[in-house]
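Build the full structure now, drawing on both the sequences and the hints.
In the order they appear, the protein sequences are chains D and G. Heads up, the first sequence is in this note's numbering, so the first residue is 3 and it goes up one at a time. Heads up, the second sequence is in this note's numbering, so the first residue is 23 and it goes up one at a time.
Certain hints may be false.
To be verified - Cut-off 30 Å, straight-line C-alpha distance, at most; resulting in silico cross-link-like pairs (DSS-like, lysine-lysine): (1) G:K116 to D:K51; (2) D:K51 to G:K133; (3) D:K51 to G:K155; (4) G:K81 to G:K96; (5) G:K96 to D:K309; (6) G:K97 to G:K68; (7) D:K309 to G:K85; (8) G:K81 to G:K97; (9) D:K428 to D:K100; (10) D:K318 to G:K85; (11) D:K51 to D:K347; (12) G:K96 to D:K308; (13) G:K67 to G:K116; (14) G:K85 to D:K51; (15) G:K96 to G:K71; (16) G:K133 to D:K309; (17) G:K80 to D:K309; (18) D:K348 to D:K308; (19) G:K85 to D:K308; (20) D:K309 to G:K81; (21) D:K359 to G:K155; (22) G:K140 to G:K116; (23) G:K97 to G:K140; (24) G:K133 to D:K318; (25) G:K97 to G:K80; (26) D:K51 to D:K359; (27) G:K140 to D:K318; (28) D:K51 to D:K308; (29) D:K51 to G:K81; (30) G:K80 to D:K51; (31) G:K97 to G:K73; (32) D:K15 to G:K97; (33) D:K15 to G:K29; (34) G:K133 to D:K336; (35) D:K336 to G:K116; (36) D:K318 to D:K336; (37) G:K67 to D:K15; (38) D:K15 to G:K133; (39) D:K347 to D:K359.
Everything labelled a hint here was simulated from the structure, so no lab data went into it.
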Amino acid sequence: MENPRIFSQNIPKDIVHDVLKRLPVKSLQRFKSVCETWCSLISSSEFAKARYDRANEPNNNMTLWRCGCIEQREDINSGVFSAWLNIIDYNGFMLEAKSLDSFIVGRETPEILGSCNNLLLVYCCFYLYLWNPSSGTHDMFELDYDSTDYSCGVLMCGLGYDSSSDDYKAVLVSHTESPPGSPNNDYYTLESFSISTYSFRTNTLKEIDDNEFPYNFDSDTQGVTLNGAPHWVLRREEYNTEVNYNSIAMVLVYFDPAKEHFYELPLPCMLDKHYEFELGVLGGCLSLTCDDYDPSGSHFETWVMKKYGVEESWEKLFVIPYFEEHLRPLCFTKNGDVLMEANRKKIVIYNLLNNSKRTVIPNIESNYCGFGRCVYNVDSMVLPYDEQRLNLSPHNDELAMNTESEEFDGSLMSTRSQQSDGKRQKRENKCKNKMRSLSTFARFNIFRRGLLQFSTSFWKSNKRRKNNGRI
Amino acid sequence: MKFCAVKQYFDDENNNNITSGASTTMIPLPNVESHPLAILITYCKKHLKIKANNADNKKETEKEMEQYEQELLKKVMPQELTELILAANYLNFKEALDFFCRAVASAIQNKSIEFVRKFFGLESDFELGEEEKLREEFAWSFEGVDED
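Rendered as structure tokens:
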């Protein structure tokens, strides 16, 4: 626009407010420097509320979002552990805590391995659970393993939803490693890969013969689910014969639960020198957070892919000055603040307009071994179902109106969720026995972050692929 | 409800004067110039027409309205935006006000501080060094800004 006409001085203040509250965070941060009045306006809580009121239009589902965070508490007197899901809502405050003890067995701290719509994929002591925190219903799947083999493995999980078969599927990618001290060196050596999917609808495990998984990952690789597909940032290592070392490229990979195949998405080209990313979903878009350095110090940048799959649509959404070693944005609260996990230990809310922060949950690290694993967006919309049935319908405005036809036959689920004490006791004992039979080394490794103990004969019918790469 | 101020006038009129005929009443609008008023009337008529055409389909209405708004923006001079906002505000025409505020917001979104100051007729009234501090604190937000 050339030659802008100057607003006459009688422009009502609330019109200026109306214009400002439609602006994105980046513009608002910049416009704080326009004048003193604008600076105080933009930082004020009334303005934050006004932005929220505008954002909270009828078709915005913000009120339905929850953020869940596992905490393991120990009763000092009795030594009994109890596992809880602390739930934070879009207001940025803790709403409630839900107990996992009704279905979890074992002393390990449960970990959230994925979330999709209103369900969480939880791992604890050799079982994978699909859990609806709102209704409390759950399903489970036992991971089998051989106690004699003490090699350790790394597991990467994701939860997805296959709309073509109305089925929630967990994808499990594992690679085994031989421990340090082996002939090669001090590092763990990659031995083999295995990929399977577990369908919660048919309760069957299926191995995927997917030779096109030329990626590697670490034990703390965490994915997010978007559009029903789990996404991760993985490493692709290419052995360069000329220079005799592996060149590493980071790739954004997702698993299509219907086609049961992995696909790649473009990363922003500006971040091609980075190796550590935290994935998230912000405002319905895939987000990447990494740290960066500039003359004024280090900071975290968060990028979002505004148009799914389009490389050019990657946009830097906000920048946060360094205040913790590790930041993972989880979601936006109602007035545009960022809810995030800091240093894998606490949940904070960060106000982008005045760089202030508030701790919501101070310490989520379990005081026992294992990790009170992290935090996920949980859509806890409760549909008007019979509480006994596991709600497997995805959260979707259209589907919400057609709930009758979309209902899953939950009769099988309700049997499990109402299992008698006897059955649960059996499971508890089985778990204890498994733990006891582990070698000391193995038992130590089970408590290493993210590592699951299992053997090379893990999957029922397995196909091994040798991977010559080194970690 | 469009043109709420005008409606208010009619309501008042009816209360005072039972026999007045609506079609011959002249309504004084001292704070609105003729040009923006003409645009607002056209906008209003178009909105009602589109709504009538797509009575059941809300999405169609929104889509068509968006298309019309895009075209309108091309014809309207930037200077007129401010007059239109004032007019819509005076007439209490919510939808038009909403639209024009949106237009101004997207116009200034990626502009520099100097541009915005000029546009709104503002001056920097910061204490010494305060502006520098702010610029430094949010340095990244100055990246990629449109040139003036």
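Item to check | Pair hint outcome, K81 (chain G) versus K96 (chain G) [Cα-Cα no greater than 30 Å] | outcome: 23 Å, holds
Checklist entry - When you check the alpha-carbon spacing of K15 (chain D) and K133 (chain G), does it fall within 30 Å? => result Holds - the C-alpha atoms of K133 (chain G) and K15 (chain D) are around 21 Å apart, at most 30 Å.
Next on the checklist: Please verify whether K97 (chain G) and K73 (chain G) have alpha carbons no more than 30 Å apart.
Outcome noted: Holds, at about 22 Å.
Checklist entry - Are the Cα atoms of K133 (chain G) and K318 (chain D) separated by 30 Å or less? => result 17 Å, holds
Checklist entry - Would the pair K51 (chain D) and K347 (chain D) pass a check requiring their Cα atoms to be no farther apart than 30 Å? => result With Cα atoms ~29 Å apart, K51 (chain D) and K347 (chain D) stay inside 30 Å; holds.
Checklist entry - Given the hint that K318 (chain D) pairs with K336 (chain D), does the C-alpha gap stay at or below 30 Å? => result 21 Å, holds
Item to check | Restraint status (C-alpha distance of K97 (chain G) to K80 (chain G) at most 30 Å) | outcome: Holds, at about 26 Å.
Checklist entry - Would the pair K348 (chain D) and K308 (chain D) pass a check requiring their Cα atoms to be no farther apart than 30 Å? => result 28 Å, holds
Checklist entry - Is it true that the CA of K51 (chain D) sits at most 30 Å from the CA of K133 (chain G)? => result Holds: K51 (chain D) and K133 (chain G) sit about 25 Å apart, inside 30 Å.
Checklist entry - K140 (chain G) and K318 (chain D): Cα distance at most 30 Å? => result 27 Å, holds
Checklist entry - Does the structure keep K309 (chain D) and K81 (chain G) at a Cα separation of 30 Å or less? => result Roughly 21 Å separates the two Cα atoms, so the pair holds.
Checklist entry - Are K80 (chain G) and K309 (chain D) close enough, with their CA atoms no more than 30 Å apart? => result Cα-Cα ~24 Å, so holds.
In terms of the numbered hints stated before, the structure departs from none.
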